[in-house]
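A.B. asks: Below are the chains, spelled out letter by letter.
Protein chains: 2
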Amino acid sequence: MSEDDASSSPASPSDSTTTKQAANSTTRRTPDTKYAHVYATHSSKRNSRLSQDAEVAPSFVGFRNLMVLVLIVSNFRLMIENFRKYGVLICIQCHDYRRQDLLNGLYLYCLVPLQLFVAYLIEYVAADRAKAAVARMKRSGEDLNTPEKQRQALRSFRSTWYLIALCHGINATIGLAYATTVVYYDIYHPGIGTICELHAVIVWLKSCSYALTNRDLRHAYLHPSYAQALPDLYKSCPYPRNINLKNLCYFWWAPTLVYQPVYPRTSHIRWTFVLKRIAECIGLSIVIWIASAQYAAPLLRNSLDKISTLDLVSICERVMKLSTISLFCWLCGFFALFQSFLNALAEIMTFADREFYGDWWNVSSIRTYWTTWNKPVTNFMRRHIYSPLVARGCPKGLAQMIVFCISGVLHELLVGIPTHNVIGVAFAGMMFQIPLILLTDVIQTFKGIRGKVAGNMIFWISFCIVGQPLAALLYFFAWQAKYGSVSRQFQESPALNLFRRR
Amino acid sequence: MSEDDASSSPASPSDSTTTKQAANSTTRRTPDTKYAHVYATHSSKRNSRLSQDAEVAPSFVGFRNLMVLVLIVSNFRLMIENFRKYGVLICIQCHDYRRQDLLNGLYLYCLVPLQLFVAYLIEYVAADRAKAAVARMKRSGEDLNTPEKQRQALRSFRSTWYLIALCHGINATIGLAYATTVVYYDIYHPGIGTICELHAVIVWLKSCSYALTNRDLRHAYLHPSYAQALPDLYKSCPYPRNINLKNLCYFWWAPTLVYQPVYPRTSHIRWTFVLKRIAECIGLSIVIWIASAQYAAPLLRNSLDKISTLDLVSICERVMKLSTISLFCWLCGFFALFQSFLNALAEIMTFADREFYGDWWNVSSIRTYWTTWNKPVTNFMRRHIYSPLVARGCPKGLAQMIVFCISGVLHELLVGIPTHNVIGVAFAGMMFQIPLILLTDVIQTFKGIRGKVAGNMIFWISFCIVGQPLAALLYFFAWQAKYGSVSRQFQESPALNLFRRR
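Chains as they are written, first to last, in the working numbering: chain A, 178 to 679; chain B, 178 to 679.
Since the hints were made in silico from the structure, they are not lab data.
All of these numbers come straight from a predicted model, not from anything done at the bench.
Careful, some of the hints might be misleading.
[Claimed, not checked] In silico lysine-lysine, BS3-like type, Cα no more than 30 Å apart, as pairs: (1) A/629 to B/483; (2) A/315 to A/222; (3) B/453 to A/222; (4) B/573 to A/262; (5) A/315 to A/326; (6) B/315 to A/629; (7) B/629 to A/453; (8) A/412 to A/423; (9) B/453 to B/483; (10) B/423 to A/222; (11) A/262 to B/262; (12) B/423 to A/453; (13) B/326 to B/315; (14) B/483 to B/262; (15) B/412 to A/222; (16) B/262 to A/483; (17) A/412 to B/222; (18) A/423 to B/222; (19) B/483 to B/573.
[Said to hold, decoys possible] Simulated restraints on C-beta separations: (20) B/339 to A/238: 34 to 44 Å; (21) A/268 to B/263: 56 to 66 Å; (22) A/331 to B/238: 25 to 35 Å; (23) A/259 to B/612: 29 to 39 Å.
[Stated by the list, open to error] Covered stretches of chain A (in silico footprint by chain B; criterion: 3 or more residues with CB under 8 Å from a CB of chain B, positions within the stretch not fixed): (24) 248-255; (25) 463-475; (26) 499-509; (27) 535-549.
Using N, Cα and C, we set each Cβ at its ideal position, and we do this for glycine too.
Construct the entire structure; sequences and hints are all you get.
C.D. replies: Right, here's the structure in full:
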């Protein structure tokens with residue numbers, strides 16, 4: 178109860194603190210306490226809380242609580258409806274993956290990291306040659322700092338680098354291409370396929386970073402005048418010493434895609450922290466599994482005939498219904514992977530930089546979203562693609578486009594390959610971000626809070642309401658068109674023919 | 178993008194301000210700008226934003242926006258679903274009220290205020306007698322301040338007051354009873370009935386306040402030693418002068434239930450303000466009408482068989498589905514009545530105290546809700562029931578119970594009479610508030626913000642999710658059981674027999 182409330186009434190029928198104050202003041206004011214009936218309830222000019230001329234802007238924190246509640250209740254209602262319609266769809270034993278898929282997955286899981294060790298071997302040879310070159314220079318007492326010598330050294334370094342880069346390129350390409358081929362042709366189950374493909378992409382990015390970082394480190398090693406440009410952090414492990422198996426294995430398991438000879442580290446492992454994060458991870462995985470099996474799967478299934486008849490209003494309605502559940506799964510998945518899993522891994526590896534994501538949920542421009550939601554990839558793109566491009570004189574806008582295109586290709590790889598449908602929706606979705614970025618760039622400059630809220634709304638609409646469920650629907654439909662019962666049920670559907678014609 | 182973000186990367190692939198800063202620092206640090214690959218991305222110990230050991234508590238303002246969006250989208254989806262199921266149910270010409278109902282309503286609308294004028298006549302006679310008594314006292318030069326005389330005067334005042342109170346009581350009771358009888362027996366349409374009953378209750382409360390306030394004013398007039406206990410505001414219109422028709426008519430139309438000889442007033446009427454409020458009022462009424470006709474009515478109708486078979490899970494599901502639409506209608510109705518209508522009326526009457534409601538949506542105890550959502554009634558209850566009871570030595574808890582019981586009776590009157598079913602659900606709903614008040618009193622004392630949020634959640638659940646739709650369902654069902662097609666359709670329903678047995 179507010180202050181002015183207390184002063185405006187002789188006694189409150191229900192608020193006890195007010196009652197006390199008011200009762201006191203009544204006794205003070207009137208010798209006959211029965212005079213309550215004449216108390217001046219309306220004693221001053223006051224405005225309604227929701228009026229524009231209200232003294233203070235009203236707080237709406239209660240409506241936030243109400244929204245949470247309405248969301249819970251309305252989704253709980255949908256859960257009851259779903260249960261009455263379909264019964265319990267969750268079933269632990271009726272998995273639909275083949276034994277061969279699991280074996281192929283395990284095989285890839287063991288094979289893919291070999292790529293990192295090959296990269297290590299290449300770097301080992303390169304470091305050996307660099308050490309020999311430095312020893313030779315030292316022996317001959319040559320002075321590298323004359324311009325002529327410098328140019329010559331640079332030329333020699335470059336030709337060596339091209340050779341090393343070629344080796345790394347072949348190694349990385351073979352690794353990724355092989356894993357992708359196995360996933361596309363030999364792993365039927367899209368879940369297992371996604372995990373394998375994700376693993377292959379991560380290892381591929383790690384090998385690239387390992388090669389590129391060591392290239393610069395070697396350059397600094399061969400040209401000592403540049404060595405002060407290196408971060409102070411690396412001083413505890415200078416160049417040729419960092420090329421060792423222990424250092425590589427740490428990078429292999431560290432929750433980052435960016436190679437550094439030295440990382441900030443914590444002093445010890447808090448095992449309770451690790452256990453809590455693992456428990457979160459398992460719990461959320463179960464929640465996601467239940468949500469997809471019980472809610473998303475029937476929804477996707479009964480959306481199929483709507484898509485196959487290209488009924489636009491119905492597709493909209495389905496996409497909207499799907500948006501809640503896909504958003505829920507996405508948020509759970511994000512938390513499980515970026516908060517719980519990566520933090521657990523970082524704790525075990527005593528990796529101290531835990532900034533795996535920013536507060537992307539508050540972003541007011543889609544540009545910022547893409548740089549905050551997935552920091553490991555953002556860091557990689559910044560360090561190894563964007564910055565070098567800009568440093569070489571590439572216009573910033575073009576560099577951004579290039580980063581986005583690469584990101585689009587990776588998205589398509591991660592979604593299209595495991596679902597055996599490289600239909601380009603994920604790539605197109607990424608490309609669709611570019612006009613949205615330009616739009617929210619303009620909108621967020623609008624004055625005050627409105628621009629920010631509008632930008633944030635556009636972000637949520639584009640990403641979680643339209644983007645996620647639409648993409649899920651399309652890939653699920655493409656999957657069903659290729660393998661599922663739909664291709665038998667809807668032989669003559671116009672939409673199916675669209676997909677077939679591709 | 179946050180500050181630390183900018184400092185952690187050589188260049189951002191997308192955020193332009195960061196890019197500039199970072200590009201500068203890259204040039205400063207490294208003579209060879211191609212050294213971007215060795216930049217120490219992970220340079221310090223940092224925690225994840227959502228970790229408990231995060232440096233700053235994360236902001237979740239984006240999730241608030243998301244909630245708004247999800248609410249809009251999910252309800253828009255339900256609107257599409259509803260439209261596909263039922264088509265357009267809104268129809269301007271197919272009203273279902275009888276001509277006789279309208280005539281009876283108009284008749285009551287003209288007749289009911291007569292009660293106020295009768296109360297005026299009673300007060301006029303009383304004031305006349307009081308003036309005569311004071312003149313007599315002055316003529317005889319009697320000193321009222323001796324204890325013996327005072328006691329005698331008090332006795333005489335009391336016996337007169339009992340007579341006046343009897344007259345007022347008969348007047349008010351006849352007025353309310355007559356209106357209630359007409360509504361119950363002669364007005365079939367529940368909408369018209371509710372408006373008539375509401376009008377009758379408002380006028381009844383106004384007459385009570387008029388009688389009680391003038392009683393105290395007269396007492397002060399007859400006992401000048403008490404007169405300084407009167408509020409200063411009333412000095413511009415002392416007791417017998419306020420008993421005039423103009424003053425009464427102002428009170429008749431003023432947006433308050435509490436009589437004061439003088440109210441705080443504004444200097445002029447802002448007609449644009451009035452027009453805006455009236456436009457809001459009309460617009461919201463149309464919105465409520467559409468919402469009830471298109472969404473609430475089919476929902477209520479297809480809930481009937483669920484209730485009639487007493488299927489509890491289905492009733493829960495229906496109540497939850499109904500909760501959103503009833504909450505929406507309630508909020509619109511609240512705004513239309515308490516913000517738009519009362520503000521428009523207050524502006525026309527140059528009534529300056531516009532505090533018709535507090536920020537009840539933020540309350541953390543149900544106790545506070547009941548004292549903030551409807552200030553006119555709260556003010557009446559405080560001034561004319563609670564305070565006098567407490568002043569006469571009634572324990573506060575008991576006084577609160579009495580206020581709640583009276584409030585419950587009024588609620589039942591306003592809901593049960595127009596629906597021709599005094600089934601006691603509204604009264605029981607009010608009585609159910611008492612344990613909830615005790616519960617939230619305890620909960621809101623829990624430390625920190627959690628207690629407040631929990632209290633607010635309990636308030637929303639009890640009131641808007643369970644209370645409103647359940648009451649609407651039960652009264653609608655009782656109505657259908659008495660008049661509707663249900664009584665023909667479900668002759669043998671167990672629930673119907675429950676209602677019939679009453």
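A.B. asks: Now tell me, hint by hint, if it's right for this structure.
C.D. replies: Quick rundown of the hints versus the structure:
1. A/629 to B/483: violated, 46 Å
2. A/315 to A/222: It is violated: about 91 Å lies between the C-alpha atoms, which goes past 30 Å.
3. B/453 to A/222: holds, 21 Å
4. B/573 to A/262: violated, 52 Å
5. A/315 to A/326: This hinted pair holds, its Cα atoms lying about 14 Å apart.
6. B/315 to A/629: violated, 74 Å
7. B/629 to A/453: holds, 28 Å
8. A/412 to A/423: holds, 17 Å
9. B/453 to B/483: Given that 30 Å is the threshold and the Cα spacing comes to 43 Å, the pair is violated.
10. B/423 to A/222: holds, 22 Å
11. A/262 to B/262: Distance ~17 Å between residue 262 of chain A and residue 262 of chain B Cα, so the pair holds.
12. B/423 to A/453: violated, 74 Å
13. B/326 to B/315: Since the Cα atoms of residue 326 of chain B and residue 315 of chain B sit roughly 14 Å apart, the hinted pair holds (cutoff 30 Å).
14. B/483 to B/262: holds, 19 Å
15. B/412 to A/222: holds, 18 Å
16. B/262 to A/483: holds, 16 Å
17. A/412 to B/222: holds, 18 Å
18. A/423 to B/222: holds, 22 Å
19. B/483 to B/573: Violated: residue 483 of chain B and residue 573 of chain B sit about 43 Å apart, past 30 Å.
20. B/339 to A/238: 34 to 44 Å: violated, 50 Å
21. A/268 to B/263: 56 to 66 Å: For residue 263 of chain B against residue 268 of chain A, whose Cβ atoms are near 36 Å apart, the range 56 to 66 Å is violated.
22. A/331 to B/238: 25 to 35 Å: For residue 331 of chain A and residue 238 of chain B the Cβ distance comes to about 51 Å; the hint is violated.
23. A/259 to B/612: 29 to 39 Å: holds, 34 Å
24. 248-255: Check passed, 5 qualifying residues.
25. 463-475: Not satisfied, violated; 0 residues make the cut.
26. 499-509: holds (count 3)
27. 535-549: Three-residue rule met by the segment 535-549 of chain A, so holds; n is 11.
When each numbered hint is compared with the structure, violations occur for hints 1, 2, 4, 6, 9, 12, 19, 20, 21, 22, 25.
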